[in-house]
Amino acid sequence: MATILIPTPLRKFTENNSKVETGGITIKDAIQDLATKYAGLSKHLLDENGNIRSFIRVYLGDEDINALEKDATVIYNDSIISIVPAIAGGSI
Amino acid sequence: MSNSISQLSPEELARYSRHVIIPEFGLEGQLKLKNSNVLVIGSGGLGSPVLLYLAAAGVGHIGIVDFDTVDDSNLQRQVLFTVDDLGASKAETAKERLLKLNPHIRITVFKERFTSENALEIIKDFDVVADGTDNFPTRYLVNDACVLAGKVNVYASIFRFEGQVSVFNYLKEDGTRGPNYRDMFPEPPPPGLVPNCSEGGVLGVLPGIIGSLQANEVIKVITGVGDPLVGRLFLFDAASFTTRILKVHSNPETKIEGLIDYEQFCGIGPDPKSEVKEITVQELYDFKTKGIDFQLIDVREPHEFQIGNIEGELIPLGVISESAPKISKDKPVIIHCRSGVRSAKAIRELEDTFGFDNLYNLKGGILAWSKEIDTSIPSY
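Keeping their order, the protein sequence lines are chains R and B.
Going by the numbering used here, the residue at position 6 of the first sequence is 70; the numbering climbs one at a time, nothing skipped.
Going by the numbering used here, the residue at position 300 of the second sequence is 389; the numbering climbs one at a time, nothing skipped.
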């Protein structure tokens, strides 16, 4: 099982878990598995067509998946996947 | 940096001796600082440590952009200010404080919002920009203005326990520029999708840590000492004490051809509060005391409810739609949050999705109730 690191702004949807074990062969599988486990997270990660939203960056290790095979990037049991959201600071 | 090179006075040499004796830094590094011009946008949580360290380090000319005034809820993290400064201009107060710290530097204050209209004019006289802003529209504006004007953008951002730092638009030895913010985040999240700090808060010491790292990168960029955080994004989680550095690549599809309407770009239209029906705290008080049948809903988070509440039914904004069956369609429903922004979002969501027409936003939220009706309810 690969591990997905959940950033602070999204932990409210993962019962405050900062790491979630996830299944699948590719990044897309892993993100969809995560979105299935935590239904409230789905609209934050995936668009209507099930694709990863453009304002979310997904990393495998220290590399942006866009520099790899995008969401078709293959993952392994020891893979660390990071979701990196844009954060802006304190104002409404 | 600046064309007119100033030398160090004996007083300055004594002051900066701990810099000058670092072999890689030396007199040359200190002179580069003295002859540099750094614009710090925002003098709040991040801006406070950035300004203090840049002033102390001897950056010769610092610009401060901040239209805001000091509020008591700032003092938990904005260490430039004290209770004596409440209500005063942040930029002016910062200038006064920094000149006491280091009278050898020059400070220019811009007591105005950083906008598409003034951005390029303001940054033209500076070499490096430190982005300590607190909202998406200004983040994109700072980035785009830096790209258009050819300035380095030392970026930092915070949320709760988490911070990000990077150096954007850095001029590399081969003459090309390093990645910028839009290469990382081509477009912002829609409003309301990612919670903001007013909903989520920020650990007071976090901007101290992240802002200090930001100041460190500014100094490295100016002096050429070390390896600046170019093409890399530093992440820090204060809760777990984990740090990571991720790669950031330039995106050939990123095109910045001019400054735009950044509120519109970030999907922030007219104030949503003005588009929903409103009720004042005095009217709510009358409802309560005159026995009128109504439903009161509080869309804040449970931990905010614990701070203080006015006996509303707690349904956080994030679960408002799935809780729609609990909301009456037969009597007035008053919805409130802290200040009225989230409750307006909740009303829009309920009206658009379920066709409610009996929802009223409590104007000014629980803060207004605390101020005008019941001062025993804490404001936060």
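Just so you know, these hints were derived from the structure itself, not from any lab.
Note that the structure is a prediction, hence the values are computed from the model and not measured.
Treat the hints with care, since some could be wrong.
[What the hints assert, rightly or not] Pairwise CB distance ranges, derived in the manner of DEER restraints:
#, chain 1, residue 1, chain 2, residue 2, range
1, B, Gly-444, R, Lys-134, 47 to 55 Å
2, R, Gly-114, B, Thr-171, 48 to 56 Å
3, B, Pro-421, R, Asp-126, 53 to 61 Å
4, R, Gly-114, B, Gly-313, 45 to 53 Å
5, R, Glu-112, B, Lys-200, 54 to 62 Å
Ideal placement from N, C-alpha and C gives every residue a C-beta, glycine not left out.
query = So which hints don't hold here, by number, going up?
reply = 1 and 5
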